[in-house]
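Starting from the structure of chain A, add chains B, C and D where the hints point.
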Amino acid sequence: MAEYAEYMILGYATMAVILGAMVLAMVLRYRSLTREARLIEQIAIEEGLAGDREPRPDRA
Amino acid sequence: MTYSVPRDRALKGLTIAAGVLFVLAMLMDFFYVGPEKTQGEAQRIFYIHLGSFLGAFIAFAAAVVAGIRYLSSRESRWDILGLASVEIGLGLSGITIITGMAWAKPIWNTWWTWDPRLTSITIMWLAYAAYLMLRAGIDDPERRRRFAAVYGIVAFASVLFTIIIIRVRPDTIHPVVAGPTQADPSGGFDVAGRIRDTLFFNLFTFSVITVTLVWHRIRLENLAERVTRRKLDVLSEL
Amino acid sequence: MSAPPGNAHSTPNKPSAGRVRRPVTAYWRAVGVIAWKDLRAEIRSRELVTSMILFTLMTVMVFSLALELDADARQNTVAGVLWVTVVFAGMLGLSRSLAAEKDRGSLDALLLAPIDRSALFFGKMIGNLVFVLVVAGVLMFALTVMFNITLIRPLIVLFVLLGSIGFTTVGTLFSSMSVHARARETLLPILLLPVVLPILISAVRGSTAILNDLPSDDWLPWLQLLVVADVIFLAAGYALFDFVVEE
Amino acid sequence: MIDEVAARPMIEAQKLVKIFGVNPVLRGLDLDVQRGEFLALLGPNGSGKTTLLRILAALARPTSGTVRIGGWELPGEADYVRAQLGVVSHMPLLYDTLTAEENLLFFARLYDLPRGERRDRVHTMLRRVGLHRRARDVVRTFSRGMVQRLAIARAVLHDPAVLLLDEPYTGLDQDAAALLDDLLGEVAAAGRTVIMTTHDLRRGHALADRIAILSRGTIVYDVSCHAVAAADLPGLYADVTGAVTTR
Chain A
925 MAEYAEYMIL
935 GYATMAVILG
945 AMVLAMVLRY
955 RSLTREARLI
965 EQIAIEEGLA
975 GDREPRPDRA
Chain B
37 MTYSVPRDRA
47 LKGLTIAAGV
57 LFVLAMLMDF
67 FYVGPEKTQG
77 EAQRIFYIHL
87 GSFLGAFIAF
97 AAAVVAGIRY
107 LSSRESRWDI
117 LGLASVEIGL
127 GLSGITIITG
137 MAWAKPIWNT
147 WWTWDPRLTS
157 ITIMWLAYAA
167 YLMLRAGIDD
177 PERRRRFAAV
187 YGIVAFASVL
197 FTIIIIRVRP
207 DTIHPVVAGP
217 TQADPSGGFD
227 VAGRIRDTLF
237 FNLFTFSVIT
247 VTLVWHRIRL
257 ENLAERVTRR
267 KLDVLSEL
Chain C
27 MSAPPGNAHS
37 TPNKPSAGRV
47 RRPVTAYWRA
57 VGVIAWKDLR
67 AEIRSRELVT
77 SMILFTLMTV
87 MVFSLALELD
97 ADARQNTVAG
107 VLWVTVVFAG
117 MLGLSRSLAA
127 EKDRGSLDAL
137 LLAPIDRSAL
147 FFGKMIGNLV
157 FVLVVAGVLM
167 FALTVMFNIT
177 LIRPLIVLFV
187 LLGSIGFTTV
197 GTLFSSMSVH
207 ARARETLLPI
217 LLLPVVLPIL
227 ISAVRGSTAI
237 LNDLPSDDWL
247 PWLQLLVVAD
257 VIFLAAGYAL
267 FDFVVEE
Chain D
3 MIDEVAARPM
13 IEAQKLVKIF
23 GVNPVLRGLD
33 LDVQRGEFLA
43 LLGPNGSGKT
53 TLLRILAALA
63 RPTSGTVRIG
73 GWELPGEADY
83 VRAQLGVVSH
93 MPLLYDTLTA
103 EENLLFFARL
113 YDLPRGERRD
123 RVHTMLRRVG
133 LHRRARDVVR
143 TFSRGMVQRL
153 AIARAVLHDP
163 AVLLLDEPYT
173 GLDQDAAALL
183 DDLLGEVAAA
193 GRTVIMTTHD
203 LRRGHALADR
213 IAILSRGTIV
223 YDVSCHAVAA
233 ADLPGLYADV
243 TGAVTTR
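Chains as they are written, first to last, in my numbering: chain A, 925 to 984; chain B, 37 to 274; chain C, 27 to 273; chain D, 3 to 249.
Just so you know, these hints were derived from the structure itself, not from any lab. The beta-carbon is built from N, C-alpha and C at its ideal position, and this holds for glycine as well. One thing to keep in mind: the hints can contain errors.
[What the hints assert, rightly or not] From the derived model, a few chain B residues whose C-beta atoms are all more than 12 Å from chain A: (1) Val-101; (2) Arg-105; (3) Glu-111; (4) Arg-113; (5) Ile-174; (6) Glu-178; (7) Ile-200.
[Said to hold, decoys possible] Each pair of labels, with its calculated beta carbon distance range: (8) A:Arg-959 - B:Arg-45: 38 to 44 Å; (9) D:Asn-25 - A:Ala-949: 47 to 53 Å; (10) C:Leu-181 - D:Gly-118: 41 to 47 Å.
Bound conformation, chain A alone (with noise of 0.2 Å):
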């Protein structure tokens, strides 16, 4: 029975290697946003632009 078990290791772990992926890759792409976002407010500061102050990008 049990030489099964490696299919289902198999599965699980694309599973939840997919899971993992796309979290991650949403978690990356928010960081990458928020840094942008900041240095963005910082060129906006540094022109003296009037521009409003964002409200601090929301955490996850």
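For chains B, C and D alone, kept in the frame of chain A given last:
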């Protein structure tokens, strides 16, 4: 469109709930139910195979609603819902396909058979991969949203055939969960109680996971749009 | 020219009293006029149909070489050969007919006319359907000769007709979208094939069952699936085409 | 009842905005054109002339703002508007694999002209634009001037109350332009409402009752032709558009 605090908290709560449910589901899959007599350990993949398919189905159904609502209201938030649900749906149906293959190997000792059910899931996956290709191919944003909405609605037809084909085609060697099958013409759920509990729990868990992932993806897209708009304003004023 | 503007046909100004009959060309006449124009333009230039037929004959040659099989194996593959060729020849025709209309800008002329957008859709669809059926006809004849299997039977013709209707409906809708994309030739197959595959599978499985003279309960479910698919895609085309061509 | 309806402008556009992607092409433009008035619309490339005409022709939807033509509201009552609208655009909107006669017959049927009248309506139009000897020739063999004349014949075939002409003179040689002059003269005399976009200040001033200059998405100058001499139009045009562009 910044988020009010209550919605922030609701998403955080949902994310935690999804995580807890996921862990519980995994525990149930492995410990609560023993190996099934004929298929052995491999039978456990069945829970996530079906769970991920239900999640994908919910996501693609949401994309149809998003498409219809966008075409009637032309509000971009519906388009963002469409994009988010298709992307999440693609990931989940990817799990369905691969777990299907992993399950096929021990039972039918082949990684892939041209069985209508497996084929139609793959067709569905390709149809929604084409959705993303369409979005990438059209430059004008307004037209891209309109075409994505139209395609999202029509592509759902391939999802319907995934389900219909198993009913129409008696020769499918893919066991049918609900409804009459070769092995058990009486139909309905005669699977042992534990298996049924685990299955329903997995279905519920994957639905919650889908909603959470789609919601996060929407917020991500909103953030991306806000950042690009802000970038345009700031850079244009330099 | 000297006739004052605003004859019976075009009302000079919105009459304040009562609704005027919508001055829209009768639905089926509009469909007929557009389909007839496409066919006449094609009969005149003949580039579209000749390229589709040449493509078909070449593909049949390739398949017959590739599938040098014994008789009964051929029996099972001939329907597949028929449909793969019809689909790819059809896509060749679809992207050319819509692209030509858009590049020449004559699509605007049709959008300017007082006709229902869905009449425009069905007019275009029927034009494309005729081209696909011509290809399918040539193909059935060629395959009957090359594979010496009598393909020309009433039931096979029914499957070919229903399959072509479904394929052309979705094809016309998607090619009016892909024509706006940058890589329009490559995008159409990517969009069209997955959504049209259920029709393709039903048509192939059904036709093969008929070729093997199987009882009706082997090919009837496929026929029903084909009819359902056609109805769904015709309804989708009717409802969604307006959103595709609107600017 | 007639005067109350007649008092209302034939074309009314209020606060028209059109944004392509991120850049605004029309920025809250207002325009009224009275019945039977001939308006020449001038403006540099990219000022939004073509976009404005496409919106008035119900080929494109404005991002915001309202349009009424002949009292009918767009986009809701687009069918009524399309029935009484004739358009000549950059693209010829004709089928080059069909003959001149076939083209006009196609549009006669598409615009639902009464069956009996179609053939002789087409022939009178062909004679009027001087193409009756080439009626049976395929449009592909026509010169730019002949195509333009056929396009005008198509635009007035269904006797529309409103004519939208997008730079009809581009690419015309001397005598084709001269023929177009008296054609438009006759069209204006027939009491039709016309909007013509052009770069040719002198010709615009000569043909039109009123001149409007469009720059960067709004109308920056709008005056009747009698109020301004043809001579100082170029100078005026330069300040209005020049002033705007050189900043």
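Consistency of the hints with the structure:
1. Val-101: Non-interface label on B:Val-101 holds, nearest chain A Cβ at 21 Å vs cutoff 12 Å.
2. Arg-105: 24 Å, holds
3. Glu-111: The claim holds: B:Glu-111 sits with its nearest Cβ about 21 Å from chain A, beyond 12 Å.
4. Arg-113: Fine: 17 Å to the nearest Cβ keeps B:Arg-113 off the interface.
5. Ile-174: 22 Å, holds
6. Glu-178: B:Glu-178 is indeed farther than 12 Å from all Cβ atoms of chain A, at 23 Å.
7. Ile-200: Fine: 26 Å to the nearest Cβ keeps B:Ile-200 off the interface.
8. A:Arg-959 - B:Arg-45: 38 to 44 Å: At roughly 25 Å between Cβ atoms, B:Arg-45 and A:Arg-959 fall outside 38 to 44 Å, so the hint is violated.
9. D:Asn-25 - A:Ala-949: 47 to 53 Å: 32 Å Cβ-Cβ, so the 47 to 53 Å window is violated.
10. C:Leu-181 - D:Gly-118: 41 to 47 Å: About 46 Å separates the Cβ atoms of C:Leu-181 and D:Gly-118, which means 41 to 47 Å holds.
In this structure, the earlier hints numbered 8, 9 are contradicted, and the remaining ones agree with it.
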